[in-house]
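> Chain residues, written in single-letter form:
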Amino acid sequence: MQTKRMTFPGHWLPYALLAPQVIITLIFFIWPAGQAMYQSLLREDAFGLKTTFVGLENFARLFRDGAYLNSLSVTAVFAIGTTLLSMSVALLLASTVNRMIRSRSTYTTLLVWPYAIAPAIAGVLWWFIFHPSIGVIPYVLDMVGYDWNHRTSGADAMLLVVFAAAWKQISYNFLFFLAGLQSIPQSLIEAAAIDGASPFKRFWTIVFPLLTPTTFFLMVVNVVYAMFDTFGIIHATTEGGPSQATNTLVYKVYSDGFVGLNLGSSAAQSVILMAIVVALTIVQFRYIERRVNY
Amino acid sequence: MASITLEGLKKTYGGNVDAVKGIDLSIEDGEFVVLVGPSGCGKSTLLRMVAGLESITQGTLKIGDRVVNRLEPAERDIAMVFQNYALYPHMTVYNNLAYGLKNRKFNREQIEARVQTAARMLEITDFLQRKPRQLSGGQRQRVAMGRALVRDPAAFLLDEPLSNLDAKLRVQMRVEIKQLQRRLKTTSLYVTHDQLEAMTLGDRLVVLNGGQIEQVGTPMEIYARPASMFVAGFIGSPAMNMLPLDYLHVQGSGALLHDLPENTDTVGIRPDDMLLQAPDSPHFTVEATLVLFEAAGAESHLYVQLADSEQPTVIRTSGQPPVSEGDTLTLHIAREAIHPFNSASGKRTGG
Amino acid sequence: MVENRPWANVFAHLMLIGGVALVVFPVYIAIVASTQAPGDLLRGSLPMWPGSHGWENYKAMWSTGLSRAGAPPAGQMLWNSFVMAMAITVGKLSISLLSAFAIVYFRFRFRMFFFWLIFITLMLPVEVRIIPTYQVVADLSMLNSFAGLSIPLIASATATFLFRQFFMTVPEEMLEAARVDGAGPLKFFKDILMPLSITNIAALFVIMFIYGWNQYLWPLLITTDPDYYTIVMGIQRMTSEENPQWHLIMAAVVLAALPPVLVILFMQRLFVKGLTETEK
Chain A
652 MQTKRMTFPG
662 HWLPYALLAP
672 QVIITLIFFI
682 WPAGQAMYQS
692 LLREDAFGLK
702 TTFVGLENFA
712 RLFRDGAYLN
722 SLSVTAVFAI
732 GTTLLSMSVA
742 LLLASTVNRM
752 IRSRSTYTTL
762 LVWPYAIAPA
772 IAGVLWWFIF
782 HPSIGVIPYV
792 LDMVGYDWNH
802 RTSGADAMLL
812 VVFAAAWKQI
822 SYNFLFFLAG
832 LQSIPQSLIE
842 AAAIDGASPF
852 KRFWTIVFPL
862 LTPTTFFLMV
872 VNVVYAMFDT
882 FGIIHATTEG
892 GPSQATNTLV
902 YKVYSDGFVG
912 LNLGSSAAQS
922 VILMAIVVAL
932 TIVQFRYIER
942 RVNY
Chain B
59 MASITLEGLK
69 KTYGGNVDAV
79 KGIDLSIEDG
89 EFVVLVGPSG
99 CGKSTLLRMV
109 AGLESITQGT
119 LKIGDRVVNR
129 LEPAERDIAM
139 VFQNYALYPH
149 MTVYNNLAYG
159 LKNRKFNREQ
169 IEARVQTAAR
179 MLEITDFLQR
189 KPRQLSGGQR
199 QRVAMGRALV
209 RDPAAFLLDE
219 PLSNLDAKLR
229 VQMRVEIKQL
239 QRRLKTTSLY
249 VTHDQLEAMT
259 LGDRLVVLNG
269 GQIEQVGTPM
279 EIYARPASMF
289 VAGFIGSPAM
299 NMLPLDYLHV
309 QGSGALLHDL
319 PENTDTVGIR
329 PDDMLLQAPD
339 SPHFTVEATL
349 VLFEAAGAES
359 HLYVQLADSE
369 QPTVIRTSGQ
379 PPVSEGDTLT
389 LHIAREAIHP
399 FNSASGKRTG
409 G
Chain C
166 MVENRPWANV
176 FAHLMLIGGV
186 ALVVFPVYIA
196 IVASTQAPGD
206 LLRGSLPMWP
216 GSHGWENYKA
226 MWSTGLSRAG
236 APPAGQMLWN
246 SFVMAMAITV
256 GKLSISLLSA
266 FAIVYFRFRF
276 RMFFFWLIFI
286 TLMLPVEVRI
296 IPTYQVVADL
306 SMLNSFAGLS
316 IPLIASATAT
326 FLFRQFFMTV
336 PEEMLEAARV
346 DGAGPLKFFK
356 DILMPLSITN
366 IAALFVIMFI
376 YGWNQYLWPL
386 LITTDPDYYT
396 IVMGIQRMTS
406 EENPQWHLIM
416 AAVVLAALPP
426 VLVILFMQRL
436 FVKGLTETEK
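Chains as they are written, first to last, in the numbering used here: chain A, 652 to 945; chain B, 59 to 409; chain C, 166 to 445.
It cannot be assumed that every hint is accurate.
[Unchecked claim] List of simulated lysine-lysine pairs, DSBU-like, C-alpha gap at most 30 Å:
1. Lys655(A) with Lys236(B)
2. Lys160(B) with Lys236(B)
3. Lys655(A) with Lys355(C)
4. Lys352(C) with Lys160(B)
5. Lys163(B) with Lys226(B)
6. Lys655(A) with Lys189(B)
7. Lys655(A) with Lys68(B)
8. Lys352(C) with Lys438(C)
9. Lys352(C) with Lys189(B)
10. Lys163(B) with Lys355(C)
11. Lys189(B) with Lys120(B)
12. Lys655(A) with Lys352(C)
13. Lys438(C) with Lys120(B)
14. Lys160(B) with Lys189(B)
15. Lys163(B) with Lys243(B)
16. Lys120(B) with Lys243(B)
17. Lys163(B) with Lys352(C)
18. Lys226(B) with Lys655(A)
19. Lys243(B) with Lys160(B)
FYI, nobody ran anything at the bench for these hints, they're computed from the structure.
Modelling step: build the complete structure from the supplied sequences, incorporating the hints.
Here is the structure:
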């Protein structure tokens, strides 16, 4: 890795400059992560009196545990649903805004602010408008004969958290799609128009392929977001229910560890999540490297 | 003010790449020395070693009587003008000039006086409160000069300071730099790849190639007696024409060539020394076909194909001779215009 | 655009207005709800227009809170959120600037080791190592304190990388000129590097502030004392009681969302810059 052509001489100064960051990292990141790995190999008895080393038993149990496997599939459905919904709405809006000249910045302003809203707050907002007895949307759905109740229906609950998570993420995806669209040379689109392609065809044959790097990047970011940043949405609304229907992996780490006090299992789940984050980060960096090489 | 002495100065990168391969040079107090050479010849590295921006692998560097090898740039009492000016973009022109003085704990009045003097000298008084981005290229160049000037250092080090200017400004600033240096009599070391800039500015030139000195001398010494084929090709534009000695034997009158120094196998002839009219002194004649005629106003360049030779050759004449492309020309080359070289060593023969 | 068909433009505007409506809808509902009288929400149909009880609802929320649900006044929670967000932001920016400076402008032993050490934190969101981190904070007696709320969230590989990237683009000659001008490392950092980084710092400030303000899981875990509740987690406490007072909760929701939304609206340029650059 490079430094500057010329650097400062200094024996202790660089270490002093790095010290705050390194100390915090060691205490609050590396040590707890190590602890999680260590604890994942232990089991406490029911009274928390005796701890025994059980090797990979905690992991083996997880993959035999129907609740954990359910949580994996819930997370997959949630992440894919959120990513698809949020990205497609964002792409539609971004490509439309990109047509505009005078009103572009106004629409952008009106569309970006939900980024500022905390996931937990987004959850409460959607929880409220979908509230079975006082919410606006169940009222409307009732008129068409659908009895919405996310307290009893797992599908309704999943839809609710997907809506809340996707809604909050639209602004992020919108900004990156808009930036991606603006970096496509206008001359390419004009050339396609001269070649006789209709606007619709131009989008699918020219614009969308050229957006692939942005799309791929956003897919990774959205999956990471749905997996790790949506704890607040789940916790503030469904709390994993009804009957585990929205119990995502991150929420399960919390509820097994803090509510169920099953530390060994919770730690093993943490370790699996860390492995997933590492894998996603590597994918993301691979992709960035490739993008740089274009 | 001070002299600068370089003794066996070497720079090696990564253990085996020699950028500067042992330079001995002494620059007198008040002298204007230009380091000139093609890119990659080590001229900038050498200047940066003097500045203290590159470490010295081997050798001794003295500014005045002090050995400064291990001193910080700020302790060497030098000032530097960078190719891209390196003005601090967030500071006003005034603060750009004052920054080095502030760091050296000058008091407010001294700073004010020095900045004002430098600004007057460079005619940038009106811009003192502006930021660098509000200035034109030429004005920025002046500020960069000013930043060196206010310090009143023992030596100025200038690293291609004019190469970011357009052609017209470059000539104007070249003249101003020369006048300024004459007036201040500050020892100056100037790096450029432009041979014309080197010729016009320097009291002495140091021609560098591949990390070594090819020749040191006044501009006219170097022009009149290039010490190597490299120098001959580098100084002077268009470049000197090189011909195998045998070619003159066959084509010209061999009688004039027996007194050339031993080992001569190549001769160099400047484009101005290939004449369309025969001179009075002893000379050769060669036949050539005019391939391309380039009129440049006061002078013309004639690209010719010598008879029975593949060597591309250029002639420079004043005005516009009455010739047209495709003509066969007879060229006259005076005996004293011939520069003798040995192609194996690349050196001038006969010392 | 290549063509200009009037009907296409109308359609596009309609679609965008629909999009904006979709984005605004939940917040509009919250504003409407927050202006109703206590009983109005329970009649089974939410009014479509703001009511006349906004002032008293917001006043009640701001200064009294929902003591029955164990939530302190929103004014105090907002202040806590602000202190936490500022501490996280300033902390992240300071330590990231310093470490990026060390990594770019010095050569020293174990430089790569430290670089990777910082890099790893990028991969460990607080959510995945929540219990051991909680234990560390508890062992250090940092529960129920602003230090506990902010310091564990301060280390930031993202900001360090961004500053490193930026420092690499600062022309080499800036450092060289400064050294010829007699500036040492700290002087160079203060006089040259910091002023040059000011736009980047501001852009990152916006992103980090929103990140800090919106923290949820962390304050939820380490604050049991209502004096340290932040607004975002406080709202969850209010919704989880038996008969939630939605008109007051929605007032709190609007109050919680307002500061970061205002930051984005007023600093949109910096926000966009910060967002797009932290993700590169």
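> None of the hints should be skipped; say for each whether it holds.
Evaluation of the provided hints:
no.: 1; hint: Lys655(A) with Lys236(B); result: violated (33 Å)
no.: 2; hint: Lys160(B) with Lys236(B); result: holds (28 Å)
no.: 3; hint: Lys655(A) with Lys355(C); result: holds (18 Å)
no.: 4; hint: Lys352(C) with Lys160(B); result: holds (11 Å)
no.: 5; hint: Lys163(B) with Lys226(B); result: violated (39 Å)
no.: 6; hint: Lys655(A) with Lys189(B); result: holds (26 Å)
no.: 7; hint: Lys655(A) with Lys68(B); result: holds (21 Å)
no.: 8; hint: Lys352(C) with Lys438(C); result: holds (28 Å)
no.: 9; hint: Lys352(C) with Lys189(B); result: holds (21 Å)
no.: 10; hint: Lys163(B) with Lys355(C); result: holds (17 Å)
no.: 11; hint: Lys189(B) with Lys120(B); result: violated (36 Å)
no.: 12; hint: Lys655(A) with Lys352(C); result: holds (17 Å)
no.: 13; hint: Lys438(C) with Lys120(B); result: violated (49 Å)
no.: 14; hint: Lys160(B) with Lys189(B); result: holds (18 Å)
no.: 15; hint: Lys163(B) with Lys243(B); result: holds (25 Å)
no.: 16; hint: Lys120(B) with Lys243(B); result: holds (19 Å)
no.: 17; hint: Lys163(B) with Lys352(C); result: holds (13 Å)
no.: 18; hint: Lys226(B) with Lys655(A); result: violated (34 Å)
no.: 19; hint: Lys243(B) with Lys160(B); result: holds (25 Å)
In summary, the numbered hints that this structure violates are 1, 5, 11, 13, 18.
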